[in-house]
Amino acid sequence: MYKIVSKRQLNSVVTMLEVEAPFIARKAQAGQFIIFRVDEFGERIPLTIADYDREKGTITVIFQGVGKSTRMLAAKEVGDTILDFVGPLGKATEIEGFKKVCVVGGGVGCAIAYPSAKALFDNGAQVDIIAGFRNKDIVILEDEMKAVSNRLFLTTDDGSYGIKGFVTNQLKSLIDAGNNYDLVIAIGPVIMMKMVAEVTRPYGIKTIVSLNPIMIDGTGMCGGCRVTVGGEIKFACVHGPDFDGHQVDFDELMRRNTFYKKQELAELDHVCRIGLEVKEDA
Amino acid sequence: MPNMSLKKVPMPEQDPEVRNKNFSEVTLGYTPEMAIEEATRCLNCKNKPCVAGCPVCVKIPEFITKVAAGEFEEAFDIIKTTNCLPAVCGRVCPQESQCEEKCVRAIKGESVGIGRLERFVADYHMANSQAAPVVPASNGHKVAVIGAGPAGLTCASDLALLGYKVTIFEAFHMPGGVLVYGIPEFRLPKALVQKEIENLKVLGVEIMTNMVIGKVLSIDELFEEDFEAVFIGSGAGLPTFMKIPGENLIGVYSANEYLTRANLMKAYDNQYDTPIRNSKAVAVVGGGNVAMDAARTAKRLGAEKVYIVYRRSEAEMPARAEEEHHAKEEGIIFKNLNNPVSILGGENGEVTGMECVEMTLGEPDASGRRRPIEKAGSNFVLDIDTAIIAIGTSPNPLIRNTTAGLDTNNWGCIVADDKMATSRKGVYAGGDTVTGAATVILAMGAGKTAAQSIDEYIKGL
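If you read the sequences in order, they're chains A and B. Positions 9 to 290 (the working numbering) are the ones given, in order, by the first sequence. Positions 38 to 498 (the working numbering) are the ones given, in order, by the second sequence.
Quick caveat, the hints were computed from the structure, so don't treat them as lab data. Quick caveat: nothing in here was measured; it's all calculated off a predicted structure. Glycine residues also receive a C-beta, built at the ideal position from the N, C-alpha and C atoms. Incorrect hints may have been included.
Here are the simulated BS3-like pairs of lysine-lysine, each with C-alpha atoms no more than 30 Å apart in a straight line [claimed, not checked]:
#: 1; chain 1: B; residue 1: 202; chain 2: A; residue 2: 11
#: 2; chain 1: A; residue 1: 242; chain 2: B; residue 2: 317
#: 3; chain 1: A; residue 1: 242; chain 2: B; residue 2: 280
#: 4; chain 1: B; residue 1: 202; chain 2: B; residue 2: 96
#: 5; chain 1: B; residue 1: 372; chain 2: B; residue 2: 342
#: 6; chain 1: B; residue 1: 317; chain 2: B; residue 2: 365
#: 7; chain 1: B; residue 1: 462; chain 2: A; residue 2: 11
#: 8; chain 1: A; residue 1: 35; chain 2: B; residue 2: 58
#: 9; chain 1: A; residue 1: 269; chain 2: B; residue 2: 342
#: 10; chain 1: A; residue 1: 35; chain 2: B; residue 2: 238
#: 11; chain 1: A; residue 1: 270; chain 2: B; residue 2: 202
#: 12; chain 1: B; residue 1: 365; chain 2: A; residue 2: 269
#: 13; chain 1: B; residue 1: 317; chain 2: A; residue 2: 270
#: 14; chain 1: A; residue 1: 11; chain 2: B; residue 2: 232
#: 15; chain 1: B; residue 1: 202; chain 2: A; residue 2: 269
#: 16; chain 1: B; residue 1: 303; chain 2: A; residue 2: 242
#: 17; chain 1: A; residue 1: 214; chain 2: B; residue 2: 280
#: 18; chain 1: B; residue 1: 202; chain 2: A; residue 2: 64
#: 19; chain 1: A; residue 1: 35; chain 2: A; residue 2: 15
#: 20; chain 1: B; residue 1: 227; chain 2: A; residue 2: 11
#: 21; chain 1: B; residue 1: 303; chain 2: A; residue 2: 270
#: 22; chain 1: B; residue 1: 179; chain 2: A; residue 2: 11
#: 23; chain 1: A; residue 1: 108; chain 2: A; residue 2: 270
#: 24; chain 1: B; residue 1: 227; chain 2: A; residue 2: 99
#: 25; chain 1: A; residue 1: 11; chain 2: B; residue 2: 83
#: 26; chain 1: A; residue 1: 84; chain 2: B; residue 2: 303
#: 27; chain 1: A; residue 1: 64; chain 2: B; residue 2: 179
#: 28; chain 1: A; residue 1: 270; chain 2: B; residue 2: 58
#: 29; chain 1: B; residue 1: 342; chain 2: A; residue 2: 99
#: 30; chain 1: B; residue 1: 280; chain 2: A; residue 2: 269
#: 31; chain 1: B; residue 1: 202; chain 2: A; residue 2: 35
#: 32; chain 1: A; residue 1: 84; chain 2: A; residue 2: 11
#: 33; chain 1: B; residue 1: 83; chain 2: B; residue 2: 58
Only some residues are given here: those of chain B computed to face chain A with a beta carbon under 10 Å [what the hints assert, rightly or not]:
#: 34; residue: 102
#: 35; residue: 103
#: 36; residue: 169
#: 37; residue: 277
#: 38; residue: 293
With the hints as constraints, model all of the structure from the sequences given.
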């Protein structure tokens, strides 16, 4: 059992939990993930490690309540426990040897982009962050991202906060303005990562994306998380989750992520009736 | 005077048309009367050929003599001296190619039903005995076991009986390895596996779940934590795909994923949240026990048509005859001498069919089995919405990639000698991680040998 030691509601649907997991905290690195199982009946769901505290022995995860399991996790309070919490899984983000980096986060993906930006920033790289959200109400981690970047460009689709427009436009104008990035990291919805990779492709800028496909064990055993990268099958859990964005078959990934869509919609209906929806006032 | 019947006492089973719609155990087990009757078929041979066929050397004639006398608890005590998982072995061991193959009664007629009797004794004990196992005195030495599957559990059990303080590190949230994620409930009830594992805990074995060695701790760090020896029994969990077009379509599973969803995550039970595809027509590629398990699971989950697509003929099929027989009874359709060429998908990326080609058998290949050859122009399409690839697995690289000086072969298997010692001092390995995918009982045999070697190694320190 893994105890929740702190909780913060970042917006109406995004929750931050700090969980006691001393073994994982000792080893965790930016870019790695954990798998949780909320209770005996729960699914195994992967979440990227947003932060860790080696001394306190805690792992922080940030997630959006989208399916039954993440909603049930969001309903947990400080002092409650999570049945299973395993990690750190996957490979860490490569941070060595980069001088100037642009980290692009989209929505809740900013929670995953944040630790990578922090690791690069702490390692001495110059870091620009572009963080995109649909509107002002769902902006998360603004102060945290500011603290681990030289410049933070916050965009909203509707212009209700920061710069109006998409992250891709902002990235392109930064590149065109002469910012010589030697690495772009893009983390967010699959479609955003695909578009970012298209922006950087003509410039030949190395672009890393973090993939979060459906998986069970997270150790290479089920093969459910397979993605096509450079024409080869890779398992996101052990070969990734970071991959070369110019090589990933994003369309296939988007299709595969709808594997259980119909069944999940039916499940969600069921959950709502027993009152596990995320509290709107939180 | 022994019972000279040429046939085993028949095993009661659920009717095929009933059981292919439920997940309860297929075979129901002997009654005490049936067990005694079957036990009297044993000739109690002096040279005990059956024991030589058993990887864990169960004292077969001795325990069967006790069964014949109706002394079931005594029979259990005899089995337990060499086998920590009798209820499991009695169900899933390929007895027909081990103990029973060597049985003198098999020369004329059927062998003694050794597996059935072992199962009966284990089940009888579980149902009737309240006696707690005797906990051995501690010898103060610590051993780490990686993986709570058949190899690891056996190694841990034998070491615990010798007084070692054993900690098992398991990657999944539940111990059991292939016994819980792979073999279906209808062949091996999970409650029974957990009960066998509980017995290990009573012996003082600690099981830490959610610990992926190679990630959360390395083998070197285990030695820093004062473990004096390490046994690696991490299995062969990495699924092999066919590398044919369409393998990433929605509706294509590795057998590992399909079975893990159904067995470990209990997707067949509505109370559990893990989803599994609602399939109408399923093709399972492969001819081993895993393929049979996947096909029979798909049938139980409601698929109307379930095919086994296997590129050789029935004679070469690696599955146990019993599994194949049960699958056929349950309505699984065997498409032998057929090989998939590609998996076809519709606009939304979902599986709509499997293109196959017919095969004929040529000269024997390196495995000694006749090599399948494509019949040109014989391609046809099987209408399916789900494909399950069950063509094998290989060892997981997480440990070999994080352990310096641990020798592995070209297939990624850890190299171990006949004492199960690896190239690293104090590190032993056994089971599928050494042999590649094999059987529960061979893994148990390896775990047993390793326990003995570890005992000798630590005593010599």
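We went through each hint and held it up to the structure:
1. B:202 with A:11: 28 Å, holds
2. A:242 with B:317: 29 Å, holds
3. A:242 with B:280: The given pair, whose Cα atoms are some 12 Å apart, holds under the 30 Å limit.
4. B:202 with B:96: 27 Å, holds
5. B:372 with B:342: Distance ~12 Å between residue 372 (chain B) and residue 342 (chain B) Cα, so the pair holds.
6. B:317 with B:365: 18 Å, holds
7. B:462 with A:11: Roughly 38 Å separates the two Cα atoms, so the pair is violated.
8. A:35 with B:58: Violated, at about 46 Å.
9. A:269 with B:342: Status holds; Cα separation ~24 Å.
10. A:35 with B:238: 28 Å, holds
11. A:270 with B:202: The hint is violated at about 49 Å.
12. B:365 with A:269: 33 Å, violated
13. B:317 with A:270: 16 Å, holds
14. A:11 with B:232: Given pair residue 11 (chain A), residue 232 (chain B) holds - Cα atoms ~28 Å apart, limit 30 Å.
15. B:202 with A:269: With Cα atoms ~47 Å apart, residue 202 (chain B) and residue 269 (chain A) exceed 30 Å; violated.
16. B:303 with A:242: 27 Å, holds
17. A:214 with B:280: Answer holds: residue 214 (chain A) to residue 280 (chain B) is near 28 Å, not above 30 Å.
18. B:202 with A:64: With Cα atoms ~29 Å apart, residue 202 (chain B) and residue 64 (chain A) stay inside 30 Å; holds.
19. A:35 with A:15: 22 Å, holds
20. B:227 with A:11: 28 Å, holds
21. B:303 with A:270: 19 Å, holds
22. B:179 with A:11: 28 Å, holds
23. A:108 with A:270: 43 Å, violated
24. B:227 with A:99: 33 Å, violated
25. A:11 with B:83: Violated: residue 11 (chain A) and residue 83 (chain B) sit about 60 Å apart, past 30 Å.
26. A:84 with B:303: Holds, because 24 Å separates the two Cα atoms, which is no more than 30 Å.
27. A:64 with B:179: 28 Å, holds
28. A:270 with B:58: 24 Å, holds
29. B:342 with A:99: 41 Å, violated
30. B:280 with A:269: 26 Å, holds
31. B:202 with A:35: Status holds; Cα separation ~26 Å.
32. A:84 with A:11: 10 Å, holds
33. B:83 with B:58: 46 Å, violated
34. 102: Violated: closest Cβ of chain A sits about 43 Å from residue 102 (chain B), beyond 10 Å.
35. 103: 39 Å, violated
36. 169: 26 Å, violated
37. 277: Holds, about 9 Å.
38. 293: OK, holds: residue 293 (chain B) within 10 Å of chain A, min 5 Å.
Taken one by one, the earlier hints fail for this structure at numbers 7, 8, 11, 12, 15, 23, 24, 25, 29, 33, 34, 35, 36, listed in ascending order.
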